[in-house]
Structures are given as C-alpha cells and as structure tokens.
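Here are the chains, one letter per residue:
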Amino acid sequence: MKLAAIRIALIMLALASAPASALEAYTVVGDAIPAPLGGRIGDALRGRALVLDRTQGNCLICHHVPEPNEPFQGTIGPGLAGVGARLDSGQLRLRLIDAGLLNPQTVMPPYFRIEGLRDVAPAFRDRPALTAQEIEDVVTYLASLRTP
Amino acid sequence: MSAAGRALAAALLALASPAFADEIKPGSAFLSPEMQRQQEDQGRNPGYLWVEQGEELFSRRESVSPTCISCHADPGQSLRGAAARYPQVDRASGKLINLEGRIEQCRVERQKQPAFGYESQDLLGLTAYVASLSKSVPLSVSADGAAKPFYEAGKAFYERRQGQLNLACTQCHDDLVGQKLRGDTISHGVGTGYPAYRLEWNGVGSLHRRLRACSLGVRATQFDYGSDDYLALELYLAVRAKGLALEAPGLRR
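Protein sequence lines correspond, in order, to chains A and B.
First residue of the first sequence? That's 1 in the working numbering, and the numbers climb one at a time after it.
First residue of the second sequence? That's 1 in the working numbering, and the numbers climb one at a time after it.
Derived by calculation from the structure, the hints in this document are not laboratory data.
Ideal Cβ positions, reconstructed from N, Cα and C, are used throughout, including at glycine.
Just to be clear, a hint being listed does not mean it is correct.
Said to hold, decoys possible - Residues of chain B clear of chain A, computed beta-carbon distances all greater than 12 Å:
#: 1; residue: 60
#: 2; residue: 75
#: 3; residue: 175
#: 4; residue: 229
As the list claims (entries may be wrong) - Label-pair ranges, simulated between beta-carbon atoms:
#: 5; chain 1: A; residue 1: 34; chain 2: B; residue 2: 32; range: 28 to 38 Å
#: 6; chain 1: B; residue 1: 43; chain 2: A; residue 2: 105; range: 46 to 56 Å
#: 7; chain 1: A; residue 1: 85; chain 2: B; residue 2: 95; range: 54 to 64 Å
#: 8; chain 1: A; residue 1: 31; chain 2: B; residue 2: 95; range: 42 to 52 Å
#: 9; chain 1: A; residue 1: 144; chain 2: B; residue 2: 52; range: 54 to 64 Å
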C-alpha cells in the first residue's frame, strides 16, 4: 500500500514538473524499478569508472567493492561484492535512484532525484547526482558483481 | 553531605545530563596515538606557530591603543576559561557571537582599528592564542535564556538533511561514529580543537572553515564565515560537547 502511494505520488510529481527540468520518468514495482531509465543501455566499464571516481559516484566513500587496488574504502553501506547475485537490476536501479523510497531514514543519498532537497550548492542545483545514462551504467556494473 | 549522599547526587546528576554527554569524544580521540602525541607537543604541533603570532599581536604596543594586554593584563590568568564560554549572546546587540567575533568587536569598537577579517592570519593567530589560554578547561557554553533560540536553530540545522546528497550532520556524527569514510574515521563532530592545524590545509583554520568543508562534502550551500547559520551550529556543537576539555590548537588530518 505504501509503495502504491509512493507510485501515485511519483506520477503526480512527473505530471506537475516542468518539462525543461523533468527527469526521465520511471515506474516502481514492488522494491524495484524494472525498466531502464529512458530505455538506455548501461555499460559496465563506464559504471565501474563512475563507482571508483571520487567526484562522480564516489561510492567507495561508504561501500566496499572487490578492487584490490583501492586501499581506502568505506564501511558504512553494505559491501558490494556479490550484490549482483543478491539483487536484480530493477532492485539495484531503485536503490540508486532513491533509496529513500524503501527506507525514509536511509543514509544512502538519492542519485536521481531533484525534488525535496534543501540548500543544494549552486553547482549541483536542479540536476541529479547521476544522469539517467550514468545510473544505467552503474546498474550494469553492479549487476556484474556476482561473486560474494 | 555523607558519602552515600554524594554518590546519590552524582548518580542523579548523571541521569539529568543529556544521554550523549559521556559518550561524546573530542576530535583528537580519532587520531592515531602518534598524532595525539604530536598535538600535545608544542614543539611539533605547527598550530603553535599561529599561537605565538597571536601572542605577539596581543601584546604589541606600537600604534594600537589600547593594546589587548593593557585591558587583559596577565592573560594566562585573566583570560583562562574565556574561550570555553563561546559562542555566547552579546548583551549589547543581542546577537550570538563567537570568539572570533568578540576579538573583532574589541578590535573595531575599543581599538578603533579596521576588522582583521574572518580567516585572516592575524585573526586566526589571535583566536588560537586566546583559545590556547583555555587549554584543558571544560567547555561551559549556555543554551539557556537569550541563547535558547540560537541553540534551537543550531540543533535544527544539525538535524536536517541538506545538499544534493541529502544528509544531516547527525546521520554521520551521531549514528555512524567510528565508521570509515574512505580512509577517514567519522568523529563526533566536536569543535574543541579549533582553530586547528589541518594537514589537508597545511595551515590553521577556523571551525567555520571546517564546517564549510562539511557542507561541500554533502554538496550543500557553503554559508559565509561568521554567518548566522554556522554560529548557531557552533553553539549547538559546543553545548553538545559540554564538559569536554578545550584542545586548541588541535592537530587534524
């Protein structure tokens, strides 16, 4: 019921937002967003680069990935080794886009959301942390991490 | 009072104080033992270069009259503990003022000199010097009376999500203390070491400079040095760290 309410709210938001700043629309099904954003096709190598890069995804500030050449990795989020075996692409996509849809208290930032944020620095205002293509790239990379 | 009476009073006091009071640790507790020793060694903590510069400014007699020391004679005694009571509400203006603000106020109103400017080397030196006179003194900043609305504003700032990464101070500095952000350990976010010498800065900076770095980290608006937002947050952090010993100039990564 909660997810249904969120789905309706998202549809309303999508209808209400101006076309210029509108992000690609998506549909939540259960705890997943099954369809790729805007029908884009992700690239695992680009996704890996985004995950490791300190200015873009910067995922390693909180998460651990199976990368022996990355000595400093965070301990806050769940480890990402084997995440592709634990979650399917749709589940990964939802957690990247806005993990707050599942847990409003989450510390995981929303990477594809521009509404409901406060005091965003000018350089980051009115654009999501990752673009639709970048979300798909990261989803594809994470889905490939199948070894626990 | 009997020993049992004293024990009971102590137990009641412990119950009355906020839950976090005896859990909060200073920033130095998250340093390596070697860096902790370096912080305490005046010959090896570069922050003391700023303290010395501040001490020199404090007692310099040429041109400026009165000098700091002509009102604050024997500062080691007369100003001991002063820094532990900031930020506080300025009686005349009703505004919240921190140690930097008080020094600037003296400079402009009493010495009739142009303000140094926030984050200038002179103001950092003087602030580090005056703060160092309260080394080991427990923080005793008030959140009551005139300070209450500022405290409430600081607490609200600390607890609200902000920035593109949508994070609140409390999510890391209360809930995730001790966890690793890349190579760094998350601390309680206590400001008792500031002004501090940070290796990342290769110099001494104010608490507000450190707060600006946090804001940038969550991709939020960086408020101005000395802004109402950071002053209120500074007050909240100080009240939250009540009883912790001042350790400026701190040494930080």
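Checklist entry - Regarding the assertion that residue 175 of chain B does not contact chain A, is the least Cβ-Cβ distance greater than 12 Å? => result Incorrect as stated: the minimum Cβ-Cβ distance to chain A is 7 Å, not above 12 Å.
Next on the checklist: Looking only at beta-carbon atoms, does the pair residue 43 of chain B, residue 105 of chain A fall within the given range of 46 to 56 Å?
Outcome noted: 47 Å, holds
Item to check | Beyond 12 Å from every chain A Cβ - status for residue 75 of chain B | outcome: About 39 Å separates residue 75 of chain B from the closest Cβ of chain A, which puts it past 12 Å; holds.
Checklist entry - Quick one: are residue 144 of chain A and residue 52 of chain B within 54 to 64 Å, going by C-beta? => result Holds - the Cβ-Cβ distance for residue 144 of chain A and residue 52 of chain B, about 57 Å, lies within 54 to 64 Å.
Next on the checklist: Range first: 42 to 52 Å. Now tell me if the beta carbons of residue 31 of chain A and residue 95 of chain B are that far apart.
Outcome noted: At roughly 49 Å between Cβ atoms, residue 95 of chain B and residue 31 of chain A fall inside 42 to 52 Å, so the hint holds.
Checklist entry - Is the hinted range of 54 to 64 Å satisfied by the C-beta distance from residue 85 of chain A to residue 95 of chain B? => result Given a distance of about 58 Å, which is inside 54 to 64 Å, the answer is holds.
Checklist entry - Is the gap between the beta carbons of residue 34 of chain A and residue 32 of chain B within 28 to 38 Å? => result 48 Å, violated
Item to check | Check on residue 60 of chain B being off the interface with chain A, judged by Cβ distance over 12 Å | outcome: Consistent with the label, residue 60 of chain B stays out of reach of chain A, its closest Cβ about 40 Å off (over 12 Å).
Checklist entry - So is residue 229 of chain B really clear of chain A, every C-beta pair being over 12 Å apart? => result Not fine: 9 Å to the nearest Cβ puts residue 229 of chain B too close to chain A.
Going down the numbered hints, you'll see the structure goes against 3, 4 and 5, while the others check out.
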